[in-house]
Amino acid sequence: MEHLIAYGPALLRGTGLTVTVALCAMLLATLLGALGAAAKIAGGRFARGAAQTYSTLVRGVPELVLMLLAFYGGQRLVNSLALLMGYERGFDISPFAAGVGVIGFVYGAYMTETFRGAWLAVPKGQWEAAQASGMSPWLTLRRIMAPQVMRHALPGYANIWLVLIKATAIVSIIGLQDVVNIADKAGKSLREPFTFFLAVMAIFLILTSLSGFVFRFIEKRVNRGGAA
Amino acid sequence: MNLDLIFRHASDLLRGVWTTLWLTGSSLAIGLALATLCAVILTERIPVLDWLVRAFVYVFRGTPLLVQLYLVYYGLSQFPEIRRSFLWPWLREPWFCALLVFSLNTAAYTAEILRGAISNLRRGELEAAVAYGMSPVTRLRRITLPAAFRQALPQYSNEVVFMLHGSAIASVITIQDILGVGRTINARYYVTYEGFVSAAVLYLAVTFVVVAIFRRLEKRLMRHLAPVAAPR
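The listed protein sequences correspond, in order, to chains A and B. The numbering of the first sequence is the numbering used here, which starts it at 1094 and goes up by one. The numbering of the second sequence is the numbering used here, which starts it at 50 and goes up by one.
Bear in mind the hints are in silico, worked out from the structure with no lab data behind them. Built from N, CA and C at the ideal position, the CB exists for glycine as well. Please note that a few of the clues may not be correct.
As the list claims (entries may be wrong) - Okay, the calculated bits of chain B under chain A, using three or more residues with CB under 8 Å as the criterion: (1) 115-128; (2) 206-215; (3) 245-253.
Claimed, not checked - Partial selection, computed: residues in chain B whose CB lies under 10 Å from chain A: (4) F105; (5) V108; (6) T112; (7) S220; (8) G231; (9) R237; (10) Y238; (11) T241; (12) T256; (13) V260.
Assemble the whole structure, with the sequences as input and the hints as a guide.
Here is the structure:
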């Protein structure tokens, strides 16, 4: 127990990194999800095909495989590209970039479905009425569609966040010093792995419970104009 | 990419597929049995037990699978009592730890899915069963569970794919599943792509098969709900 207290600051730093990875990945996933949903709803044949391939690939391959491939394979790829362009020294792909990139990429595919479903849940008449009253497409998007799509998307969005934050644990495997990685090292060197992993579980429980709380609050706020 | 290398290790990779299927399949089977029990305890509100089940579901759904696996595989050795107990020959085996953790993890998620499905059943069906004089156990066996399983199937197929993909972390504790074999190939030949790419392709193939099976199963079990062709 005293070991755990001594390692408190390190674990806290690791937790900070876990949350940072999760937030960055969530941001990336949101962007990719919006892009994917736009491609599926309004895209031409090529865009729809690309979006379909994207979601099929992600749903078929475990995120750990993609992460190892991006981290080790991406490193080789970047190095050979650098060599091809005449740089003697390659660049490094940091575990942070690989972790955020892959987790964002994977959950972007799930986000695509959430956004697409939320868009389709808003009655068509809303868009048409806005057009009829002379709003530009951009203004319609911002004033009419976005607030309503948000309502429908929020439960799915919250769900993805809860899965995503747990998925960040695997970045410890490629050496990122997140809370799992720090607990793993400390637990093994101090011969108290159980204590440390139990602490990590408690930390994740706090994070997920807290997120659930925050999302319930936001949901209430977004729906204050009437239930969606 | 050295395809020759991949074909030379085709039998190892197939053995990896078998390990993944075996591990995931057994975990899902044990997990489903446990989840059914948990879901019944939750919906019947059996005192004390339902609190335990709720705590179990909360902990396993709120923490990463990887940490759960580490806690059991690395963590339990911290206690000399466990190392001396009769359970140790099993608990020190990676496959047993993976099976244990995966089963509990999928049980927690599935319990929640089943609980939702049971609470969504039409009241009339259950009331009719009561009116016919069915005992609670018969009602559960004949009416509640079959209907709940059917309703939960689409969500459960998602859980199966999640478990299949989640099982890839077994390779971290040295299990030679699909990813484990891929990592071994990479390490032995100092290559980067061959092992991981073959693993990715194999997971993709297995996922497709699993999804196809579930789609057929869904169609079969939902026959009575399928739209009927209009009479000509």
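Let's test the interface hint: is any C-beta of chain A closer than 10 Å to that of S220 (chain B)? Because about 8 Å separates S220 (chain B) from the closest Cβ in chain A, which is inside the 10 Å limit, the hint holds.
Given coverage of the segment 115-128 of chain B by chain A, checked by CB-CB distance under 8 Å (3 or more): holds (count 11)
Proposed interface contact between V108 (chain B) and chain A, which counts if any beta carbon pair is under 10 Å: Because about 7 Å separates V108 (chain B) from the closest Cβ in chain A, which is inside the 10 Å limit, the hint holds.
Count the residues of the segment 245-253 of chain B with a beta-carbon closer than 8 Å to any beta-carbon of chain A: does the count reach three? n = 6 at 8 Å, threshold three: holds.
Given Y238 (chain B) as an interface hint, is its Cβ closer than 10 Å to any Cβ of chain A? This hint is violated: Y238 (chain B) lies away from chain A, its Cβ roughly 13 Å from the closest one there, beyond 10 Å.
For the segment 206-215 of chain B, do three or more residues have a beta carbon lying closer than 8 Å to a beta carbon of chain A? holds (count 4)
Restraint satisfaction for T112 (chain B) [CB to CB of chain A, less than 10 Å]: 5 Å, holds
How about T256 (chain B): closest beta carbon in chain A under 10 Å, or not? Hint on T256 (chain B): holds, closest Cβ of chain A at ~4 Å, below 10 Å.
Close enough to count: is the Cβ of G231 (chain B) nearer than 10 Å to one in chain A? 8 Å, holds
With chain A as the partner, please determine if T241 (chain B) meets the hint condition of a C-beta pair closer than 10 Å. At about 5 Å, which falls below the 10 Å cut-off, the nearest Cβ of chain A leaves the hint on T241 (chain B) intact, so it holds.
Quick one, is the R237 (chain B) hint okay against chain A at 10 Å, beta carbons? Result: violated, 15 Å to nearest chain A Cβ.
Hint V260 (chain B) vs chain A: min CB-CB distance below 10 Å? For V260 (chain B), the interface hint holds, since the closest Cβ of chain A sits about 8 Å away, which is under 10 Å.
Hint compliance for this structure: hints 4, 9 and 10 are not met, and every other hint is.
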